[in-house]
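Asks: Build the full structure now, drawing on both the sequences and the hints.
Just so you know, the protein sequences line up as chains A and B, in that order.
The first sequence begins at 33 in my numbering and counts up by one.
The second sequence begins at 1321 in my numbering and counts up by one.
Treat the hints as calculated values from the structure; they're not laboratory data.
Do not rely on the hints blindly, as some may be mistaken.
Selected chain A positions facing chain B (Cβ under 8 Å, derived; list incomplete) [unchecked claim]: (1) Thr221; (2) His234; (3) Ser237; (4) Asp239; (5) Pro296; (6) Pro297; (7) Leu310; (8) Lys315; (9) Gly440; (10) Lys441; (11) Glu448.
The calculated DMTMM-like cross-link candidates involving lysine to aspartate or glutamate, where the alpha carbons are at most 20 Å apart (straight line), are [stated by the list, open to error]: (12) Lys153(A) <-> Glu1359(B); (13) Lys464(A) <-> Asp1383(B); (14) Lys1374(B) <-> Glu476(A).
Pulled from the structure, derived: some chain A residues nowhere near chain B, Cβ distances all over 12 Å [claimed, not checked]: (15) Pro236; (16) Asp266; (17) Ala316; (18) Val353; (19) Lys429; (20) Asp444; (21) Glu476.
A virtual CB, placed ideally from N, CA and C, is assigned to each residue, including glycine.
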Amino acid sequence: MKRFHRSFVAGLTVIMAAGLVLSGCAGKTPETKPTTPAAETTTKKPFEGVTLRFLASQHPWTDTIKKDIAAFEEKTGMKVAMEVLAEGNLTQKLTVELTAGTGTVDVFMQRPLQEAKQFEKNGWYADLNAFVKDAKKTPADWDINDFHKGPMAVETVNGHLVGIPLVTEQEIIYYRKDLFQAKGIKVPTTMAELEDAAKKLHDPSKDFYGIVMRGQGNPAVTQFSSFLYSMGGDFVKDNKFVMDSPEALKALKTYGDLLGKYGPPGVLNMHWQQASALMAQGKAGMWVDANSLYLNVTAPDKSQVGDKIGFAMFPAGDKGVAPYSITSWGISIPKSSKQQDAAWEFVKWASSKEMVLKTQAAGNPSARTSAWNNPEGTKSWPAEWVEVAKKSGEVGKPSDRPLVINVGKARDLIGEMITAAINGKDLEAVAKDRNVKLNELLAEENK
Amino acid sequence: MSRWIEKHLKWVFPAPAVIFILLMMAFPIIYTAWISLTEWSMSAVTPAKFVGLKNYINLLGHDHRFWMSVWRTFYFTGLALLGETIIGLGLAMMLNRDFPGKNLLKTLFLLPMVATPVAIGMVWLLMFEPTIGYMNHFLKALHLPPQLWLASEASALPSLVLVDVWQWTPMMALIILAGLVSMPSDPFEAAEVDGATPWQVFWKITMPMLRPTLGTAVILRSIDALKTFDIMYSMTQGGPNYSTETLNLYGYSLGFGYFQMGAASSLLMIFFAIVMGIVIFLNWARKGALA
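Replies: Below, the structure written as structure tokens:
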């Protein structure tokens, strides 16, 4: 008896321990709930009991849509579990979860210029054409033709529709109207005037700086692109990086000089969040960045100088005015999601005419013609801002970064050139060296 | 069945633990070692391509960023360890005598250790802000010139060391304090009778007797310091211009920034070897000191 008892206990221990290990593993697989296809159901709430996981970026668009999600949940019966992350972290989280391919993500925001090529190459996107072209899943009044052509082209890779464009943006100058007036400075229309204005405004002894822009290498690349285009340069020409061309060097020097001479201390560590914070606290005379971020310096709860901010078009370089005019954010469904119909229901809603009008009215320039044509869509915006956005859209370039697969690495290398330019050291040597590395990267990808 | 279990009881009982370790520790290391020999962009569509030692040759042969990050990893660890050991020893000596409020003080010392690293990073990020941060405010009050802290390539890494010292000195102090408390009192009494000065007592009695404790504390702390990631990632992400990029951060950027999983894995294998090497060396040095 005693003997039996002992072996029984031993056996039990093994079984329990094994169960522990197994349950530990099982805990990581996501709970998936069955999806009821929209077309089949006749009940009032077709997606009762579905929980949708939505990975979103920290962005004014997200702030706006968040307020309406409760209404959407009420209408469809599904729950939307939303996680908001800074853009770099969002990419990394997506990369990890989509690689795992376990269907933990149902909807996500993406930056088509940054990620579309890589994600499509990795087979992570569901082709949204399947939903858009299915009359049962998408009513005619959702109207795919209402979207601008440029953004739709950017969201189409290898014939697959990888996302629906949400936010478009252009690079503009934000400036302090009151100070420009007090000092009698003309709103800059050329690079020389921009530098001159920065010089006149710069007063570091009073903790006030002429101009602020992104100084962190990698994030600065997109804002630098307009300088590059306006000087007549480009990242890639004839399938070769030409970041060591005279035009590129001149653009780099202009960008670096502005920040190096008339920028705040610590600019090398600044993304748009830090730059806009200085502008909003009244510590800078000008800020050059995307127009879609304007609420960060004009909204009364974020800015001390909100009513004093003016908007101006990006200044002309040697080759005229050429700011970027791009699709910065879109919304996508991963192929691995196990509830794609519910996910499409959400995407369809978030990109519907009604919601786009709402998000645009709240300050997020959209890619829908109907929202731009509707006076409601631009009513709450400063008239000057709308004017600048329309004009910039007409002359703008559709991309703000080199269109390679490994955008992250290319941006780091170009970022090193920008850092050298801001530090005012060895710009030419660094540009030459990094351009060689960029071309190695490109050759590797074209293999 | 039961007889079999009984006969092999010495294998059966440790089996769950052994299986757990194999699954959770050995497997990831072996898998990383395998990936380090391939070229893989985290794609399920294009499988990993075997490239042999190419990733290692690339890193060790002509990757400036890699060698700089090796140097920074050692620099950070060395400087942090030095600061933490000296200040920790001082704190422990102070806490080893009786004074009112001693227990309260001990509890307060624990606070930096138990705080969330990312929260610490955020707080220090604000304090280091050159235009509006407290650190420069503080320096100005003392009539010292303001610093750029994290925003300059020269001072970013030392600033991170400062945060690490602030966070981990209490742990060193506690370990050393435990060593001090457990010391026998007779050598000290004998020294007092013989008329030794406090200085002599410290160097001739306290330090030699404290050596094993110090050794353990240094090993524990150096392993952690080498692997520091959280405060660096939350404060600088390796910037400005890579000046705070240690091996851990470079590996992260290779893997999740550039999708070069093969290169990232080979870097981690090298890093693993370095940490192992240091631990073996320190252990050997500690045993030598004991003997």
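Asks: Against each hint, give a clear statement of whether it holds in the structure.
Replies: Cross-check of the supplied hints:
1. Thr221: Constraint on Thr221(A) not satisfied, violated at 29 Å.
2. His234: 14 Å, violated
3. Ser237: Violated: closest Cβ of chain B sits about 12 Å from Ser237(A), beyond 8 Å.
4. Asp239: 6 Å, holds
5. Pro296: 6 Å, holds
6. Pro297: 4 Å, holds
7. Leu310: Constraint on Leu310(A) satisfied, holds at 7 Å.
8. Lys315: 6 Å, holds
9. Gly440: Interface hint status for Gly440(A): holds (5 Å vs cutoff 8 Å).
10. Lys441: This hint holds: Lys441(A) lies near chain B, its Cβ roughly 4 Å from the closest one there, short of 8 Å.
11. Glu448: 7 Å, holds
12. Lys153(A) <-> Glu1359(B): Holds, because 15 Å separates the two Cα atoms, which is no more than 20 Å.
13. Lys464(A) <-> Asp1383(B): 17 Å, holds
14. Lys1374(B) <-> Glu476(A): With Cα atoms ~14 Å apart, Lys1374(B) and Glu476(A) stay inside 20 Å; holds.
15. Pro236: 10 Å, violated
16. Asp266: Holds, because the least Cβ-Cβ distance between Asp266(A) and chain B comes to about 23 Å, which exceeds 12 Å.
17. Ala316: The assertion about Ala316(A) is violated, with a minimum of 10 Å to chain B.
18. Val353: Non-interface label stands for Val353(A): nearest chain B Cβ at 31 Å, farther than 12 Å.
19. Lys429: The claim holds: Lys429(A) sits with its nearest Cβ about 25 Å from chain B, beyond 12 Å.
20. Asp444: 7 Å, violated
21. Glu476: 10 Å, violated
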